[in-house]
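Student: Sequence:
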Amino acid sequence: IASNPIFIYNDQDILNSECQGRVVYLPADWNVTHNIFGRAEKLYPMAPNSVFDDYQAARRAPKIVHFAGAIKPWQNASCDMASYFWKYARNTPFYEVIIQDMVPGARNDADVTEFHERALSDASPLRKIIDPIAPYGSARREALKALGRTLRGRK
1 IASNPIFIYN DQDILNSECQ GRVVYLPADW NVTHNIFGRA EKLYPMAPNS
51 VFDDYQAARR APKIVHFAGA IKPWQNASCD MASYFWKYAR NTPFYEVIIQ
101 DMVPGARNDA DVTEFHERAL SDASPLRKII DPIAPYGSAR REALKALGRT
151 LRGRK
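Reminder that position 106 of the sequence shown reads as 106 in UniProt numbering, one-by-one numbering, no gaps.
Bear in mind the hints are in silico, worked out from the structure with no lab data behind them.
Among the clues, some could well be false.
Below, a list of computed lysine to any residue pairs in the SDA-like style, where the Cα atoms sit at most 20 angstroms apart [as the list claims (entries may be wrong)]:
1. K145 / A106
2. K87 / R59
3. K63 / K42
4. K128 / Y95
5. K87 / G105
6. K63 / I99
7. K87 / K145
8. K145 / D131
9. K42 / V24
10. K42 / F85
11. K72 / D131
12. K63 / A28
13. K42 / K87
14. K72 / D53
15. K63 / D29
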């Protein structure tokens, strides 16, 4: 489906076509898109007044900001609505890494060392089963890793 040339935005267009008639519309403030390449000034004024008014109100008090498109605040700190991203990024353990990644040449991946032996090699057939049901970074994967360490007598 994704290779079909009729889709401009593969992820959104495919979801729209596959879920048509089976969706719940949320208020605009739950999916506020940032203004990239002047998109908001070009598109929203052509929308019905109520849609434009909803968008303007949602921008003033967004619940979720969707950084859709090519410009992301972790690549361009001054992009539209970036302050919302940085407000929360500062409170994560990854903040320094995000900052470092924004400085050209600052991160040397050769300095990044894997400090533990992997429980399963990339070639393990078991990995093909585990990866889809417990993706990297998921709570399920962390639980499986903890169980594996316990079974192997490690902390």
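Student: Now look at each hint and say whether the structure bears it out.
Tutor: Verification of the supplied hints:
1. As the CA atoms of K145 and A106 are separated by approximately 31 angstroms, the hinted pair breaks the 20 angstroms bound.
2. Restraint check for K87 and R59: the C-alpha separation of about 16 angstroms stays at or below 20 angstroms, so the hint holds.
3. With a C-alpha separation of about 23 angstroms, the suggested pair K63 and K42 falls outside the 20 angstroms cut-off, and the hint is violated.
4. A C-alpha spacing of about 32 angstroms is found between K128 and Y95, which places the hinted pair above 20 angstroms, so the restraint is violated.
5. Straight-line distance between C-alpha atoms of K87 and G105 comes to about 25 angstroms, which puts the hinted pair past the 20 angstroms bound.
6. As the CA atoms of K63 and I99 are separated by approximately 24 angstroms, the hinted pair breaks the 20 angstroms bound.
7. A hinted pair counts as satisfied when its Cα atoms are at most 20 angstroms apart, and K87 with K145 does not qualify at roughly 31 angstroms.
8. Distance check on the hinted pair: K145 and D131 sit about 12 angstroms apart at the alpha-carbon level, within 20 angstroms; holds.
9. Between the alpha carbons of K42 and V24 the distance comes to roughly 26 angstroms, so the proposed pair goes past 20 angstroms and is violated.
10. For a cut-off of 20 angstroms, the pair hint linking K42 to F85 is broken: about 24 angstroms separates their Cα positions.
11. In summary, the hint linking K72 to D131 is not supported, as the alpha carbons are separated by about 27 angstroms, beyond the 20 angstroms threshold.
12. Pair hint K63 plus A28 holds up; C-alpha atoms about 9 angstroms apart against a cutoff of 20 angstroms.
13. For the given pair, K42 sits about 28 angstroms from K87 by alpha-carbon distance, which is inconsistent with the 20 angstroms threshold.
14. At most 20 angstroms may separate the alpha-carbon atoms for a hinted pair to count; K72 and D53 exceed this at roughly 25 angstroms.
15. Only pairs whose Cα atoms come within 20 angstroms are accepted, and K63 paired with D29 is accepted, the gap being roughly 5 angstroms.
Checked against the numbered hints listed earlier, the structure breaks hints 1, 3, 4, 5, 6, 7, 9, 10, 11, 13 and 14; every other hint is satisfied.
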